[in-house]
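Protein chains in written order, with the numbering used here: chain P, 1 to 246; chain B, 1 to 316.
Read the hints as simulated data drawn from the structure, not as lab findings.
Don't take each hint at face value.
To be verified - To spell it out: a stretch of chain P is covered by chain B in this simulated footprint if at least three of its residues, at any positions, have a beta carbon under 8 Å from a beta carbon of chain B; those stretches are:
no. : stretch
1   : 1-8
2   : 11-20
3   : 72-84
4   : 91-103
To be verified - With a cut-off of at most 20 Å between alpha-carbon atoms, the simulated EDC-like pairs for lysine to aspartate or glutamate come out as follows:
no. : chain 1 : residue 1 : chain 2 : residue 2
5   : P       : K13       : B       : D95
6   : B       : K282      : B       : D189
7   : B       : K282      : B       : E252
8   : P       : K13       : B       : D105
9   : B       : K282      : B       : E248
10  : P       : K13       : B       : D103
11  : P       : K13       : B       : D90
12  : B       : K282      : B       : D234
Claimed, not checked - Listed next, with one range per pair, are the computed distances between beta-carbon atoms:
no. : chain 1 : residue 1 : chain 2 : residue 2 : range
13  : P       : I112      : B       : A193      : 54 to 64 Å
14  : P       : K13       : B       : S108      : 17 to 27 Å
15  : P       : R93       : B       : R111      : 15 to 25 Å
16  : B       : Q84       : P       : S161      : 14 to 24 Å
17  : B       : T259      : P       : P95       : 49 to 59 Å
18  : P       : M108      : B       : A193      : 46 to 56 Å
19  : B       : E248      : P       : S164      : 55 to 65 Å
None of these values were measured; they are calculated from a predicted model.
Backbone N, C-alpha and C fix where the C-beta goes; we use that ideal spot for every residue, glycine too.
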Amino acid sequence: MRALLRLAVTELKLFVREPMVLTFVFAFPVLTVLILGGVFDEDDPNFEGALPSDYYVAAYIGVVIAAIGLVMLPVHLASYRERGVLRRFDVSRYPRWALPAAWIIVAMVITIVAIAVLLVTGHLAYGLPEPDNLLGVVIGTLLGALAFISIGIALGMALPSSRSAQGLGMLLFFPFFLLGGAGPPPDAMGDPMSSIANVVPLTHVVRSIQEPWLDLGSPTGHIAVLAALVGLATIAWVTLSVRTAG
Amino acid sequence: MSMVIEVEGLTKRYGTHLAVDDVGFMVSEGEIFGILGVNGAGKTTTVECLQGLRRPDGGRMRVLGVDPRSAGSQLRALVGSQLQASALPDRLRVDEAVLLFGDGDRNSADRLLQTWRLAGLRRSSFASLSGGQRQRLFIALALLNGPRVVFFDELTQGLDPLARVEVWDAIREVRERGTTVVLVTHFMDEAEALCDRVAVMRAGRVVDAGTPAELIARHARATTVTFTPPVSFDPGALAALPGVDRVERHGELIRVIGTNQLIAPVCAAVLGDDQSGPPDLKVHHPDLEDALIALVSDPTDRRSDAAAGRTLEGVA
Chain P
1 MRALLRLAVT ELKLFVREPM VLTFVFAFPV LTVLILGGVF DEDDPNFEGA LPSDYYVAAY
61 IGVVIAAIGL VMLPVHLASY RERGVLRRFD VSRYPRWALP AAWIIVAMVI TIVAIAVLLV
121 TGHLAYGLPE PDNLLGVVIG TLLGALAFIS IGIALGMALP SSRSAQGLGM LLFFPFFLLG
181 GAGPPPDAMG DPMSSIANVV PLTHVVRSIQ EPWLDLGSPT GHIAVLAALV GLATIAWVTL
241 SVRTAG
Chain B
1 MSMVIEVEGL TKRYGTHLAV DDVGFMVSEG EIFGILGVNG AGKTTTVECL QGLRRPDGGR
61 MRVLGVDPRS AGSQLRALVG SQLQASALPD RLRVDEAVLL FGDGDRNSAD RLLQTWRLAG
121 LRRSSFASLS GGQRQRLFIA LALLNGPRVV FFDELTQGLD PLARVEVWDA IREVRERGTT
181 VVLVTHFMDE AEALCDRVAV MRAGRVVDAG TPAELIARHA RATTVTFTPP VSFDPGALAA
241 LPGVDRVERH GELIRVIGTN QLIAPVCAAV LGDDQSGPPD LKVHHPDLED ALIALVSDPT
301 DRRSDAAAGR TLEGVA
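Extracted from the complex, chain P is given alone in its bound form:
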């Protein structure tokens, strides 16, 4: 346990020393907050009765979660494989699951800090609404973060190089970002796009946070989808991490 903690602390230091990661995880969502909160008219009818800046709060959080899970983790892990760092760990005393487990801890810490930075920025810029059900918001956020972190680890364990991870990560990130809640609200989308948006995993993260926050309905269905994603992605990365090279 002490060894795992030491591994997590070292990995956290390495993440913090990586400027590209910090830009994408901290600066990009903050810019999104500032832009999205201000582009819509306050009495735009597409926001289920909420203020646009209130409606987008959950989406900001979703952007952080998606940036960490789809870009930061896969690129980082795939570069470890590409450069032989994983091999170095394979001959160390750390069991195979130790590195992914440390990444879950590290990514959770980064997620929480990045979300805090975001909410402060959002509050200063537009003012944040009082959450209707704080516990629901926290559960939705943590479960959503865990789902995307697990997906990110599975992608990072499966992809051969940091470039392929960057390519696939971006390819997933932008549609998820636009359709998952940070783009136009579902009511403003045409039917086909709105149906696609419903199967994008990020949509479930954003709805799991948004519904308890703004009292827009029960998020149980979305929570169930997230729990299933955590399970599937965990099975995937555990399977990938214990295999021995051919």
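Using the hints, position chain B against chain P.
For chain B alone, coordinates are given in the frame of chain P:
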């Protein structure tokens, strides 16, 4: 003497390519054992199987009495490894690396950094280290936690001559502490300088094994003396000297080839009246490199295929 590593009939296939073909050898406690061969001979695959990094298709392996296939995690505490093509994260610092892979005890980490002359580089990131410094760090990491066996794979690849000699000294120190060393290399001078015993691999097979002296005696008998003779010299008389097999002429240069018995008589014969010999007189004793070249290019073996021929340049 007890056996630290036993390998028998080890086989590993990549698709249709037989990378390791019925390999067997033993490594006894406290020795430096070399696995030699040109590039692509199957050396790295063999040690990767022993380290539990690859799953062989057949054969029997024991490292410290256990099978690396089933007891991988148990072995990792007893075996140290420096891998070919492995790295640390660029921004990881030297002291962080030692703490991360060690038992986390600062005092023992400090001692290790002192021993490997890394103490001054404590705060340097991995990316900023030179090739020799990185290899010293890898050796230090391989020796963390007091392993009983260490694997070094192409440890001096890409190092300058000074750094290589440094690393050689380091490996001798490791052995002096009683640790068994398995050294994979395609540098024959390195193997000759360090190894107690070696196995030579070619195209996935062990073609011969023994001490460097035994291999040299078996496969590289020829001693040569070369020089540019004075104008009046008659090279024909050399052929009758003891130990001489033949005398070749390459332009101005005379090359006398035979056993090491020929050295003294030939040198005496070329001594001029003023007791000075030819200034370019050169004596070449057979060495492990000659033995390896003879072994991997032996035309009587049906396996002397393109692989062996192609990689000869790697030896030179």
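Hint check results:
| no. | hint | result |
| --- | --- | --- |
| 1 | 1-8 | holds (count 4) |
| 2 | 11-20 | holds (count 4) |
| 3 | 72-84 | holds (count 3) |
| 4 | 91-103 | holds (count 4) |
| 5 | P:K13 / B:D95 | holds (13 Å) |
| 6 | B:K282 / B:D189 | holds (19 Å) |
| 7 | B:K282 / B:E252 | holds (14 Å) |
| 8 | P:K13 / B:D105 | holds (19 Å) |
| 9 | B:K282 / B:E248 | holds (14 Å) |
| 10 | P:K13 / B:D103 | holds (19 Å) |
| 11 | P:K13 / B:D90 | holds (12 Å) |
| 12 | B:K282 / B:D234 | holds (18 Å) |
| 13 | P:I112 / B:A193: 54 to 64 Å | holds (55 Å) |
| 14 | P:K13 / B:S108: 17 to 27 Å | holds (21 Å) |
| 15 | P:R93 / B:R111: 15 to 25 Å | holds (19 Å) |
| 16 | B:Q84 / P:S161: 14 to 24 Å | holds (19 Å) |
| 17 | B:T259 / P:P95: 49 to 59 Å | holds (57 Å) |
| 18 | P:M108 / B:A193: 46 to 56 Å | holds (51 Å) |
| 19 | B:E248 / P:S164: 55 to 65 Å | holds (57 Å) |
When the structure is compared with the earlier hints, no violation turns up for any of them.
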